[in-house]
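There are 2 protein chains.
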Amino acid sequence: MSKIPYRFYLNEDQIPKQWYNVRADMPEQPDPLLNPETGKPLSTQDLYPIFCEELAKQEMDETTRYFDIPDEIQEFYRIFRPSPLIRAYNLEKELGTPAKIYYKFEGNNTSGSHKLNSAVAQAYYAKKQGLTSLTTETGAGQWGTALAMACSYYKLPLTVYMVKVSYEQKPYRKGVMETLGTNIIPSPSNTTNVGRAILESNPDTTGSLGCAISEAVEAAVTTDGCRYVLGSVLNQVLLHQSIIGLETKKAMEILGEYPDIIIGCAGGGSNLGGLISPFMQDKLTGKANPYFIAVEPASCPSLTRGKYAYDFCDTGKVTPLAKMYTLGGDFIPSANHAGGLRYHGMSPILSKLYHDGHLDEARAVEQSSVFEAATIFSRCETILPAPESAHAIRAAIDEALKCKESGEEKTILFGLTGTGYFDMSAYMNFTSGNMSDYVPTDEELQVGFNGLPTVGNS
Amino acid sequence: MSKIPYRFYLNEDQIPKQWYNVRADMPEQPDPLLNPETGKPLSTQDLYPIFCEELAKQEMDETTRYFDIPDEIQEFYRIFRPSPLIRAYNLEKELGTPAKIYYKFEGNNTSGSHKLNSAVAQAYYAKKQGLTSLTTETGAGQWGTALAMACSYYKLPLTVYMVKVSYEQKPYRKGVMETLGTNIIPSPSNTTNVGRAILESNPDTTGSLGCAISEAVEAAVTTDGCRYVLGSVLNQVLLHQSIIGLETKKAMEILGEYPDIIIGCAGGGSNLGGLISPFMQDKLTGKANPYFIAVEPASCPSLTRGKYAYDFCDTGKVTPLAKMYTLGGDFIPSANHAGGLRYHGMSPILSKLYHDGHLDEARAVEQSSVFEAATIFSRCETILPAPESAHAIRAAIDEALKCKESGEEKTILFGLTGTGYFDMSAYMNFTSGNMSDYVPTDEELQVGFNGLPTVGNS
Numbered sequence: 186m187s188k189i190p191y192r193f194y195l196n197e198d199q200i201p202k203q204w205y206n207v208r209a210d211m212p213e214q215p216d217p218l219l220n221p222e223t224g225k226p227l228s229t230q231d232l233y234p235i236f237c238e239e240l241a242k243q244e245m246d247e248t249t250r251y252f253d254i255p256d257e258i259q260e261f262y263r264i265f266r267p268s269p270l271i272r273a274y275n276l277e278k279e280l281g282t283p284a285k286i287y288y289k290f291e292g293n294n295t296s297g298s299h300k301l302n303s304a305v306a307q308a309y310y311a312k313k314q315g316l317t318s319l320t321t322e323t324g325a326g327q328w329g330t331a332l333a334m335a336c337s338y339y340k341l342p343l344t345v346y347m348v349k350v351s352y353e354q355k356p357y358r359k360g361v362m363e364t365l366g367t368n369i370i371p372s373p374s375n376t377t378n379v380g381r382a383i384l385e386s387n388p389d390t391t392g393s394l395g396c397a398i399s400e401a402v403e404a405a406v407t408t409d410g411c412r413y414v415l416g417s418v419l420n421q422v423l424l425h426q427s428i429i430g431l432e433t434k435k436a437m438e439i440l441g442e443y444p445d446i447i448i449g450c451a452g453g454g455s456n457l458g459g460l461i462s463p464f465m466q467d468k469l470t471g472k473a474n475p476y477f478i479a480v481e482p483a484s485c486p487s488l489t490r491g492k493y494a495y496d497f498c499d500t501g502k503v504t505p506l507a508k509m510y511t512l513g514g515d516f517i518p519s520a521n522h523a524g525g526l527r528y529h530g531m532s533p534i535l536s537k538l539y540h541d542g543h544l545d546e547a548r549a550v551e552q553s554s555v556f557e558a559a560t561i562f563s564r565c566e567t568i569l570p571a572p573e574s575a576h577a578i579r580a581a582i583d584e585a586l587k588c589k590e591s592g593e594e595k596t597i598l599f600g601l602t603g604t605g606y607f608d609m610s611a612y613m614n615f616t617s618g619n620m621s622d623y624v625p626t627d628e629e630l631q632v633g634f635n636g637l638p639t640v641g642n643s
Numbered sequence: 186m187s188k189i190p191y192r193f194y195l196n197e198d199q200i201p202k203q204w205y206n207v208r209a210d211m212p213e214q215p216d217p218l219l220n221p222e223t224g225k226p227l228s229t230q231d232l233y234p235i236f237c238e239e240l241a242k243q244e245m246d247e248t249t250r251y252f253d254i255p256d257e258i259q260e261f262y263r264i265f266r267p268s269p270l271i272r273a274y275n276l277e278k279e280l281g282t283p284a285k286i287y288y289k290f291e292g293n294n295t296s297g298s299h300k301l302n303s304a305v306a307q308a309y310y311a312k313k314q315g316l317t318s319l320t321t322e323t324g325a326g327q328w329g330t331a332l333a334m335a336c337s338y339y340k341l342p343l344t345v346y347m348v349k350v351s352y353e354q355k356p357y358r359k360g361v362m363e364t365l366g367t368n369i370i371p372s373p374s375n376t377t378n379v380g381r382a383i384l385e386s387n388p389d390t391t392g393s394l395g396c397a398i399s400e401a402v403e404a405a406v407t408t409d410g411c412r413y414v415l416g417s418v419l420n421q422v423l424l425h426q427s428i429i430g431l432e433t434k435k436a437m438e439i440l441g442e443y444p445d446i447i448i449g450c451a452g453g454g455s456n457l458g459g460l461i462s463p464f465m466q467d468k469l470t471g472k473a474n475p476y477f478i479a480v481e482p483a484s485c486p487s488l489t490r491g492k493y494a495y496d497f498c499d500t501g502k503v504t505p506l507a508k509m510y511t512l513g514g515d516f517i518p519s520a521n522h523a524g525g526l527r528y529h530g531m532s533p534i535l536s537k538l539y540h541d542g543h544l545d546e547a548r549a550v551e552q553s554s555v556f557e558a559a560t561i562f563s564r565c566e567t568i569l570p571a572p573e574s575a576h577a578i579r580a581a582i583d584e585a586l587k588c589k590e591s592g593e594e595k596t597i598l599f600g601l602t603g604t605g606y607f608d609m610s611a612y613m614n615f616t617s618g619n620m621s622d623y624v625p626t627d628e629e630l631q632v633g634f635n636g637l638p639t640v641g642n643s
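Those sequence lines, one after another, are chains A and B.
Counting in my numbering, the first sequence runs without a single skipped number right up to 643 at its last residue.
Counting in my numbering, the second sequence runs without a single skipped number right up to 643 at its last residue.
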């Protein structure tokens with residue numbers, strides 16, 4: 186029998202009791218959020234109309250290295266955590282690589298993804314503050330499902346604006362959320378000013394995360410006792426998701442391993458940021474030097490082809506401005522299948538880390554090569570991956586094949602964020618040869634860049 | 186923190202290395218399989234045209250108490266086992282019961298269910314014998330997916346006859362199997378004599394497991410190097426599935442627990458038999474006296490309203506005769522949603538145990554109460570259960586509520602066989618109030634009984 190098990194679980198009492206805030210170890214901070222009208226940095230209090238107070242504080246906190254996880258959240262975590270760290274023995278064998286491949290699997294809960302880690306926290310703080318409802322958006326449906334789960338647990342009413350293309354491609358995602366008691370609205374919708382305006386100018390749009398964010402924010406700020414919550418991009422989300430990386434690091438430590446290469450898929454950055462944060466700490470403090478790779482879809486290439494600039498977090502331009510890699514809110518990504526990665530921007534923290542050279546590499550991959558990787562993986566590892574996660578699998582396979590060529594026994598770690606049970610129409614397109622790749626032209630990207638705000642970008 | 190964790194995993198080296206054959210401890214054996222033409226008991230060799238040899242031997246073996254699990258199968262098991270034993274703290278709290286509720290969760294693998302435990306074994310033995318292809322049937326799609334997974338791993342071509350109602354209700358199940366390289370045919374089909382005959386007499390049939398079995402058996406025996414494999418009912422399947430109960434028993438032992446009540450859903454009996462076998466050993470040998478409950482759908486009530494008689498295992502009457510609780514192969518269950526429990530018969534081992542009073546109780550439950558239980562469970566436990574499994578949840582909740590009334594702190598264990606990600610159309614029917622219950626009348630059942638063979642039943 187192999188010394189290192191296929192699936193390694195920490196004990197329940199080894200689940201981290203604090204989140205790690207990578208900003209506390211960054212040599213330079215991300216640029217501050219700006220008020221889009223005045224161009225002035227926002228205060229914590231300025232965020233209170235949108236976010237509940239505790240989350241607003243977490244959003245702005247650059248110095249607290251560790252945040253205690255409240256007992257109630259720890260209690261919820263124990264329902265579905267720790268998640269396993271899996272040694273991909275079969276994938277290694279299939280590839281014939283000398284590399285050791287590990288993945289942290291976050292898909293073993295109803296939401297089917299890592300999103301539950303932050304959903305629990307956000308619903309808990311909202312409930313604690315006495316709020317009476319929440320709104321959010323969802324792309325692939327993973328975040329929406331996770332938050333539906335958390336809100337159902339805390340008995341908090343929830344409205345989800347679901348990107349129209351996902352709403353149509355994933356009726357069963359909707360079914361799960363409805364089973365959990367959630368109200369779902371396809372976005373853009375005519376329930377908000379922002380949605381109506383977008384529908385008027387572009388009636389055939391299949392929607393985007395940025396647009397759904399606008400609607401959810403508008404609905405939150407115009408409803409009493411309601412706040413908006415977001416499953417990615419935000420600093421608070423990366424904080425909560427650090428539990429992925431903390432568990433992984435502890436597990437690898439026990440196994441006597443340390444990754445040479447760490448790979449995550451990158452949409453808004455929640456999974457990538459959560460996985461790499463504790464390892465990034467090692468890099469920033471000189472303890473180790475792992476190589477970080479962010480993998481994004483070639484159809485929505487914010488890190489590899491976007492601009493590092495101030496931009497709205499949404500399409501409707503109702504949010505504060507954040508400095509990040511962005512394709513511009515006016516960029517409407519093609520209706521590709523990896524819905525969770527269809528976002529025009531990227532977490533400001535990750536953007537800054539990438540800009541400053543700490544996050545080593547961003548890589549754009551095309552959809553058909555992603556599904557090829559997903560298919561190989563599913564046949565070896567008995568897990569059907571979410572298309573989003575499969576971006577990371579693609580890169581992990583490519584790195585493992587490089588090791589095969591060079592003979593290097595590198596240790597590769599990637600984040601397997603979720604399962605693909607709700608993505609079967611995309612898989613079926615791939616299996617039947619009906620999947621096409623799409624890479625935006627420079628001209629198409631320019632449309633997005635033209636719409637960048639002047640405020641903050643002078 | 187609670188002393189007993191939410192999720193308890195054995196270590197990898199604690200995964201059982203032998204299967205347990207409950208027949209070795211039964212005071213009376215199930216009646217032998219009969220040749221439907223001669224009425225004579227079948228020999229092991231008689232089964233070789235249908236099953237691969239090793240599996241035929243396991244099928245007939247009444248005396249070997251433990252079977253070593255081959256290293257290659259142990260290796261595969263380690264990809265997805267051990268499965269967690271979960272303490273349902275949240276469900277207990279929601280119900281306000283003093284009972285302790287445990288469930289063994291088998292849904293954390295691509296197939297989404299416990300079926301993979303036997304699929305791995307059956308594909309392995311087939312490959313080892315040098316067979317070049319396999320056929321099977323699938324109802325809810327769980328068995329088909331599991332076998333697709335195993336055959337993809339062992340690179341064995343597979344054809345799956347999928348019950349038409351599931352084929353239509355679960356297109357994405359089909360998608361998963363196709364991603365794994367499987368050939369899928371909706372049953373009844375015009376690819377077999379049996380299928381053509383059934384279609385001729387009943388062109389609008391939505392199919393049944395029994396009918397799909399007929400087609401798969403016919404296809405196997407008429408194809409060179411091909412054999413038939415089955416995911417339930419058979420003795421060999423209960424043997425392989427004993428790993429569920431063995432792991433559960435070991436885990437409970439470590440936690441210092443022992444169940445007072447053990448509950449499983451019952452379609453063909455694979456999950457129920459696997460879960461209870463090692464505990465049944467305790468009962469049969471006088472070591473303990475847990476109370477066993479088999480839960481079946483009121484729409485297909487083989488244990489509660491069927492006859493204990495010899496019957497064909499399929500609708501097309503091409504298989505040997507088995508003595509079991511049966512509704513008769515001519516009974517066509519309504520197109521209800523819990524596809525995996527739509528089978529006219531019941532495992533001969535379980536039938537015998539029930540007939541002789543060792544399996545204490547069979548209980549039939551109606552669909553809407555099952556989905557009500559599933560919804561409560563999903564909101565508490567962050568797992569969306571398969572409708573099949575939810576039958577067991579229904580009974581577990583009912584038993585826990587009885588404890589609430591009586592104040593008894595019973596320990597309840599049930600099998601959570603799988604996830605419901607592919608059953609969302611049924612969930613959506615329930616959520617929208619469009620789910621109806623169906624209980625066959627005595628006259629409807631009589632149709633099935635009238636078709637029972639005379640051979641063996643004189």
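Because the hints were derived from the structure by calculation, they are not lab data.
Do not rely on the hints blindly, as some may be mistaken.
No copy labels: a pair is met if it fits in one copy or bridges any two.
To be verified - Calculated pairs, EDC-like style, for lysine to aspartate or glutamate (alpha carbon to alpha carbon, straight line, at most 20 Å):
no., residue 1, residue 2
1, K492, E629
2, K202, E593
3, K595, E277
4, K435, E197
5, K225, D198
6, K502, D198
7, K278, E629
8, K472, E257
9, K312, D627
10, K242, D231
11, K312, E279
12, K312, D253
To see whether the hints hold, each was checked on the structure:
1. K492 - E629: within (14 Å within a copy, 70 Å between copies)
2. K202 - E593: neither (36 Å within a copy, 35 Å between copies)
3. K595 - E277: For K595 and E277, only the intra-copy Cα distance (12 Å) is at most 20 Å; the inter-copy one is 46 Å.
4. K435 - E197: both (13 Å within a copy, 18 Å between copies)
5. K225 - D198: This pair counts as neither: shortest intra-copy Cα distance 44 Å, inter-copy 60 Å.
6. K502 - D198: Answer is neither; intra-copy 44 Å and inter-copy 56 Å both fail.
7. K278 - E629: neither (42 Å within a copy, 54 Å between copies)
8. K472 - E257: Result: close neither inside a copy nor across copies, 33 Å intra and 41 Å inter.
9. K312 - D627: Classified as neither: same-chain Cα gap 45 Å, cross-chain 52 Å, threshold 20 Å.
10. K242 - D231: within (11 Å within a copy, 74 Å between copies)
11. K312 - E279: between (48 Å within a copy, 18 Å between copies)
12. K312 - D253: Cα proximity of K312 and D253: one copy only (18 Å, versus 53 Å across).
Checked against the numbered hints above, the structure violates hints 2, 5, 6, 7, 8, 9; every other hint is satisfied.
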